[in-house]
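Make the complex out of the two chains shown on their own, each in a separate frame, by following the hints.
Chain by chain, the residues:
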Amino acid sequence: MCLSNPRVGRPICMKIMIVVLSLAFVGGSVGVRFPYRQAGLTERQAAAHLLSRFTYGAGPGDVDAVVKMGLEKWFMQQLDGNLPDDSLNQVLSRYDALKLSNEEVVKTFPKGGQLIRMAIRDGVVSKDSVKVDRKEYRDALQTYRQEKGYKPEQELFRQFICQKILRAAYSQNQLREVLTDFWFNHFNVSITKNDCAQFIPAYERDVIRPSALSNFSELLLKTAKSPAMSFYLDNFLSGGKGLNENYAREVMELHTMGVDGGYTQQDVTQAAKVLTGWGVYPMRDQGRGIVEKFSDEQLARRGFVHEGDFFFNANRHDGEEKKVLGHTFAAGGGYTEGVQLLEMLAHHPSTAAFITKKLAVRFVSDNPPQSLLDKMAKTFRDKNGDIKQVLITMVESPEFWSEGAVREKTKSPFELAIGAVRSLHGTIYQPYQLYSWVTRMGEKKYFYQAPTGFPDKGSYWINTGSLLNRMNFGLALASGRIPGISIDLAALNNGHEPESSEAALTTYGKIILPERNLDATIKRLTPMLNDPTLAKKVDEASSKTATEKGEAVMTAEATGNPMLAQVVGIIIGSPEYQRR
Amino acid sequence: MVSRRGFLKGGGLALFGIGLMGGIPAFMAEAAASDKIVSPYKRKRVLVCIFQRGAMDGLMAVTPFTDKYLQAARPNLFMQGIDLDGKWSLHPGMKAFEPMFREGRLGIVHGIGSPNNTRSHFDAQDYMESGTPFNKGTASGWLNRAVGLLGHDAQTPFTAVSLTSALPRSFYGDHPSVAISNLQDFAIQLRGNPAAANTAAKSFEDLYDATSTGLLHETGKESFDAMKMLQKADLKNYRPAAGAVYPFSPLGNSLRQVAQLIKMDVGLEVAFTESNGWDTHFNQGTDNGIFARNVADLSNSITAFWKDLEGYQDDVTVMTMTEFGRTVHQNGTGGTDHGRASCNFILGNNVAGGKVYGSVGELAVENLEDRRDLPVTTDFRSVFSAVADAHLKISDDKALFPEWSGNKAEVMKA
Chain V
1 MCLSNPRVGR
11 PICMKIMIVV
21 LSLAFVGGSV
31 GVRFPYRQAG
41 LTERQAAAHL
51 LSRFTYGAGP
61 GDVDAVVKMG
71 LEKWFMQQLD
81 GNLPDDSLNQ
91 VLSRYDALKL
101 SNEEVVKTFP
111 KGGQLIRMAI
121 RDGVVSKDSV
131 KVDRKEYRDA
141 LQTYRQEKGY
151 KPEQELFRQF
161 ICQKILRAAY
171 SQNQLREVLT
181 DFWFNHFNVS
191 ITKNDCAQFI
201 PAYERDVIRP
211 SALSNFSELL
221 LKTAKSPAMS
231 FYLDNFLSGG
241 KGLNENYARE
251 VMELHTMGVD
261 GGYTQQDVTQ
271 AAKVLTGWGV
281 YPMRDQGRGI
291 VEKFSDEQLA
301 RRGFVHEGDF
311 FFNANRHDGE
321 EKKVLGHTFA
331 AGGGYTEGVQ
341 LLEMLAHHPS
351 TAAFITKKLA
361 VRFVSDNPPQ
371 SLLDKMAKTF
381 RDKNGDIKQV
391 LITMVESPEF
401 WSEGAVREKT
411 KSPFELAIGA
421 VRSLHGTIYQ
431 PYQLYSWVTR
441 MGEKKYFYQA
451 PTGFPDKGSY
461 WINTGSLLNR
471 MNFGLALASG
481 RIPGISIDLA
491 ALNNGHEPES
501 SEAALTTYGK
511 IILPERNLDA
521 TIKRLTPMLN
531 DPTLAKKVDE
541 ASSKTATEKG
551 EAVMTAEATG
561 NPMLAQVVGI
571 IIGSPEYQRR
Chain G
1001 MVSRRGFLKG
1011 GGLALFGIGL
1021 MGGIPAFMAE
1031 AAASDKIVSP
1041 YKRKRVLVCI
1051 FQRGAMDGLM
1061 AVTPFTDKYL
1071 QAARPNLFMQ
1081 GIDLDGKWSL
1091 HPGMKAFEPM
1101 FREGRLGIVH
1111 GIGSPNNTRS
1121 HFDAQDYMES
1131 GTPFNKGTAS
1141 GWLNRAVGLL
1151 GHDAQTPFTA
1161 VSLTSALPRS
1171 FYGDHPSVAI
1181 SNLQDFAIQL
1191 RGNPAAANTA
1201 AKSFEDLYDA
1211 TSTGLLHETG
1221 KESFDAMKML
1231 QKADLKNYRP
1241 AAGAVYPFSP
1251 LGNSLRQVAQ
1261 LIKMDVGLEV
1271 AFTESNGWDT
1281 HFNQGTDNGI
1291 FARNVADLSN
1301 SITAFWKDLE
1311 GYQDDVTVMT
1321 MTEFGRTVHQ
1331 NGTGGTDHGR
1341 ASCNFILGNN
1351 VAGGKVYGSV
1361 GELAVENLED
1371 RRDLPVTTDF
1381 RSVFSAVADA
1391 HLKISDDKAL
1401 FPEWSGNKAE
1411 VMKA
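Chains as they are written, first to last, in our numbering: chain V, 1 to 580; chain G, 1001 to 1414.
Only chain G is shown next, with the shape it has when bound in the complex (with noise of 0.2 Å):
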């Protein structure tokens, strides 16, 4: 375990945005004081990580819409959307993508995926967020050993947060990092009866400030750190900046909630979160549809959490990864069945955006994987390390991603 435990008695270092909570927790202190960042007031980088689970159609996403052969292969599901390039089309339920396309700030890669063949849901996300493509027993998450490689070792309780009820694959491992489905759930409560509650939190402070065992009395001071600088932050009447609005929705309300971290100062540096409802076996939908409402959340949801971060956009990338892509040919219902390659969005200030990335041919038989589906041309592992370091400075492949030993997509800006 990293060297969290064991505080610093007073930083006695102004931290940047502190001013609206009063004093500085002491992880807050312990860890600015160890950081190796020159500048004290330099924020962290941080990096959002959504999973789209159940393996987006990426041909349907972005689309090769001059392929005559996927046009064939998919008589109900073809459709041309946005153009990007003359080559691409982007998903009209992702018009909230092209400005920032357009911009430079959105780059896609196409083709990406696993050099595992595995057409199982299961093995390929376990894969893909192991980081290791051909090891079950691989303990650790690649996003926690990104933890234990961000070069300073104290950390906050937030350093590694994940918007999910539990601890993804990805975070699995020794460095701290925690699941955490709601903010506000961070309180003592007792329902109908807050008096007791606050008895009750003082009572156990104390009681864990008082124990001899050290993993119980570190993790107590922590969470009640935590816990006073969440109350204090007035979640419940959290305003988004710049006007964005958060679609109602679990990936919407999450990255709200990465983006309340994020504006906390309070050492948020990898986040994850996740997206469901991708494995569109049936009625697929073009222009609407399930398909279409998917990725209208994913987009407006990403482009919302972009928004809010007026001022912060910076300091933060945003990475989608799904865990494999669908058959070219449409199936006989209304939807597409389980394939090799799909695409990824990534998002920042620091992305060599505006470019849709791999390498993709012309989608006849004799050109796709096993005769069915988009090959993969991209490990998603060149584009991951390549994010992780431009963005994170984790430039140690090997600890990253063991087995691994490709380059790194040029996806980020030099």
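Chain V on its own, in the form it takes in the complex (with noise of 0.2 Å):
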């Protein structure tokens, strides 16, 4: 696997580190069997659909090592989610925003507005600027900017959406993205929100990564008390007179039981009641209120919690009785009701069926069938939502490796970018080349507004508005044409290039998509590429507006044979490449 090194500019090539020694597991791989020879797959077409669901993608060779290592093993290993990452953590070092904490980065990025009003509070710029030259206004406030040492709020967001899509192409823990993905979607949070977007960065750091494979109860409760989700669904604000439900609903319908999960309004408005006073611990240097009147011991004395960026202040909570489905909470229950809330919530059976579900969905494929559901459910209610637990069971599952499964899924557009990526062994040198790609296939990754998070069905992402971009996506990525993304397309053949467009797709049809039956898609295209005619005008025209336009050529490889670059690009804009 290939990463880039950013400040030489050159790859540095890595071995795909098997790590053969067995490491520490609850339960260990001993006993784990998957059943895909009852559902008909070879031991390579099993690796193959392992990793078209637990990774972005199977690069050259990937099938290889899985079923070298075996199948459980590697899956195993995948849960554990702790293979070194150390050139992946190399590339990732540069990204000094990210190492911030929030408090931080609230002090290093103030927004547009704050930074226009600490601007005309030091005289900088004049609050009756309208008739000056704007151009003068923008650069006063750009230098005012430098010379406080503050930055503006989007190299942040740059820097995060960055590193999304390095640790997507190049963790050896693909299984632990994959997660973060999903939860994060599932309980998403929004760049579009500006009060909760600077805690975004620091929310899927601290909170969703490192529980992605941990259990479902710690995962709520960590949402829970972020930043970033007060702020997103305003239970922040909810205390002292205003009572805000918009946390507590979401909570019950989104994050837990589902929106048939058997919870009533009285419910949801109780729940925010036992919330009041759950919020964000004061960062800004003026206005933090009671925290400078008082020290930790004291406020923990009166019931106040202090913990990293959460902060439960029992002035602003509801200390009435209160009861949620059926469940009292004595007056007075303070800090801890709202955790014992929460855990109720993670333990309904509602939430194990509609947490499993959607692993399902993500999983297995679009409409899982209810046996799975039943088992999956089962262990969640069993094993106290132990996310590893539930995995296993479904790959345990036939139903996981049935005909309805393989390649039932529609790759989202990120999927797709990755995937590519990945597919070829590129190196992604300008990261943010490969998102702008992503936003116009339809993903825009952090910024679906809506607290459900991105829809997970083929339907979704397949309309007519994005299709002819993934096709599109395909041609620019194979042949070089993505600035700052870098493909070797020889190289995949050991340098070797194929002499006709037949033995091109033969060729780059196995290493793209391993394990699939071509035979109809070669038939379909060997005619229609091999026309003469055409690869010289392809040719010809290739090479002619590459000199006359003086283009930058990102890799002599790529377009040096424009016939490969284009059977390349059509296989990754294929239907066939379109599905895992």
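Honestly, the hints are just simulated from the structure, not real lab data.
Predicted model only: the values in this text are computed from it and were never measured.
One or more hints might be untrue.
Said to hold, decoys possible - List time: in silico DSS-like cross-link candidates among lysine-lysine, alpha-carbon distance up to 27 Å: (1) K375(V) with K357(V); (2) K1095(G) with K1202(G); (3) K222(V) with K241(V); (4) K107(V) with K151(V); (5) K523(V) with K1221(G); (6) K523(V) with K73(V); (7) K323(V) with K73(V); (8) K1232(G) with K1202(G); (9) K1236(G) with K523(V); (10) K1398(G) with K1413(G); (11) K523(V) with K1228(G); (12) K1228(G) with K1263(G); (13) K1232(G) with K510(V); (14) K1236(G) with K457(V); (15) K111(V) with K151(V).
Unchecked claim - According to the in silico footprint, chain V covers these stretches of chain G (three or more CB under 8 Å from chain V): (16) 1060 to 1071; (17) 1115 to 1127; (18) 1162 to 1170; (19) 1185 to 1192; (20) 1217 to 1223.
Backbone N, C-alpha and C define an ideal beta-carbon position, used for all residues, glycine too.
In structure tokens form, the structure reads like this:
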């Protein structure tokens, strides 16, 4: 697998590290058996299916590696999710904003309005500057920002998005990344909401990723206490005189029990009262209120809780008795009753059904069979919401390997883009370029506005607005025309360039779509691509424009053989490649 | 999902305006064949919504210029614009709107807003676009629900189009709707190598035609049909009708493309676009400045669009919306802060225009919401549902706006 070293701009290639040592794991891999043969799959086909479900796509040689290691062992290693990621981490280390705590982020990246307010306060720009030169005004603000050491918020989001792409493409712990994406989407927060935007990088880093493979109630509690969620669903507002039900409603409807999970409006209101006072520890220098007057110890004695960014403000908590889902919370429960409530929700049978169905939709098919859902929900209930155990139950079920599951998921735009880079062993120098394509194909990551998160179904991703862009993406990537993404097509075939389009289709089809039957595709495409006049035109046009416009040619290898690039682009844009 | 999938073979219906394209795409034939409209020659009605993000200061756009309290509250921002009726004046930046108002095509609703008093942009936009002001978890947007309520099953890829880079909240939901930021991108492209793009396009079309995956097969067919249709329409050399000149702005550009879609008669029924920069906390300006530029862009874009639609105007209604209004008092930085009610504009030949609707009293402090803001006296849903009903014949208010049971505003002709 290749990683770019941004400073020298030279790819550092690293062999896929296969850690043969069996890592410590709950129960170990002994005894875990995947029933793929009963479903009529060969070991290699089963390995390809595993990779399609638990990684961002198989790269060249990955099927071999998984078969060699043993499918069960590979899966258990992914469940542990602790493989070394040294090269990746080295590349990520340049993203300085991503190391900051939430408080440091707030201090470093003042929002646009705040900056202007401070600039006006410091007399740098006038408040009546309508008539003045707009450029001068902007420049003054810019200088002010630099002098104060402030940075624009966009820089934070840019770094955050870049790391997402690099991790998805290159992390050895692919399942952890896939699940990080899944849980983020489940507990969705959105950069479109200004109040919570700055806290989202730390949300993913501290709340979601470390707990992606642990246990559901841990995730639920951590998200509930995070500034990102508190601001996104307004719980920080709730308390004192005003009750805000947004978080209480969504935590039942979207995070735990599901809309038909069996709660009432009365439960929502009562749950909102239980969660009053849950919010964020004051971060800015000014207006820190009560925390300035008293020490943490003094506050703790009065029932306040300060844990990292989380703050339970006892003064804003409704101390009366509440009743949620038939359970009575005695008056004066304070902070702990909120924890009890979340534990109760996490262990509700509706939650087991709702969460396991969502996992099955993510990993099996858009319409998973009820028999599978029943097994997964039972494990969820029996094993206390242990995510690993639920996934093991899923993969040990014949339904996971059945005809109705294999290749039945449609890749999201993000999965398509990252998967294509992985398929071609590409090197990403400028991750943001991929993000632009992913956005254009219909998935603006981190900007989904509603708390539902992106729908996880093929019919959402495939529409006329986005499908042509998927094809264009394949062509652009394969022909080296996405700036900052480098690929070497010849190297994928040990430096041999195929002699005909037909040979290219056969050879690269196997590399890019391992263990798929591409006979029909090859048969249909060969006459079209073999048209000698077309080949000539394509070559001519390619060399002509490259020299005429003096465009930067990203990789000589890629554009060196336009016909090969075209074949590969067509494979990536093909219907077969849209499925996983 | 609505059954746009599954195509009729050879619709055999002559479609209005299809001459320039040579052939009828399957989705058009299907849509026409299953339409409940009596005459196959009757064109689709189109609702065009423009979201003004950031919260427009309705009191500066359309000013109750005789109100002495407003004058006192805004020593640097108060101004009288174009007198509409002795009580209301239009910001001079919007002078392009005046003739349409006088002709009775342009209606204004003042005091419009949401019953939820949040002053968060995000929340208020979210609520307005989902159409459920007290429920965040509503998965669908109101315009997506409107698409589902159009009363005919078959739809084209262009039934609901948002001229934005990402799907807006209003369009979230199960009914087909697309975001397209630029119609010219609707093609198989390979920069610098059109010949290769051409071969690739043929290959893709063939592969998608042959695939056994229904969703990819059908969407592939629609995509290629749409692509060919747009290619023949020669978008690049489009010339607006009646000498209309669109502002060189994102909004002008979007509306120009909406006009192109309307004239191509590709089945557009709901269009969405947006206008940004209305969050005027600082240096709002008066007859010039930020706000003046914004309203000029808004009104000039809409006016150019309207002119360009010569011959199509009966089919089209334009409606603006914004998440809330701004404080009655100016703030300390030459601007206004987040408030409650604002105003909106509705343009169309079936609009009962030439009037400022709504109930706006004197702006004395005791009359204001929370003693600071223009109170919301018209629920946005009463206006949206009135427009959807009159223009798109969507009368199922319960489905369009669950949780709402008010009366429709009387802004449309009976």
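Structure-based check of each hint:
no., hint, in the structure
1, K375(V) with K357(V), "holds (11 Å)"
2, K1095(G) with K1202(G), "violated (50 Å)"
3, K222(V) with K241(V), "holds (26 Å)"
4, K107(V) with K151(V), "holds (9 Å)"
5, K523(V) with K1221(G), "holds (20 Å)"
6, K523(V) with K73(V), "violated (38 Å)"
7, K323(V) with K73(V), "violated (47 Å)"
8, K1232(G) with K1202(G), "holds (17 Å)"
9, K1236(G) with K523(V), "violated (37 Å)"
10, K1398(G) with K1413(G), "holds (22 Å)"
11, K523(V) with K1228(G), "holds (25 Å)"
12, K1228(G) with K1263(G), "holds (16 Å)"
13, K1232(G) with K510(V), "violated (38 Å)"
14, K1236(G) with K457(V), "violated (35 Å)"
15, K111(V) with K151(V), "holds (9 Å)"
16, 1060 to 1071, "violated (count 0)"
17, 1115 to 1127, "holds (count 5)"
18, 1162 to 1170, "holds (count 4)"
19, 1185 to 1192, "holds (count 8)"
20, 1217 to 1223, "holds (count 5)"
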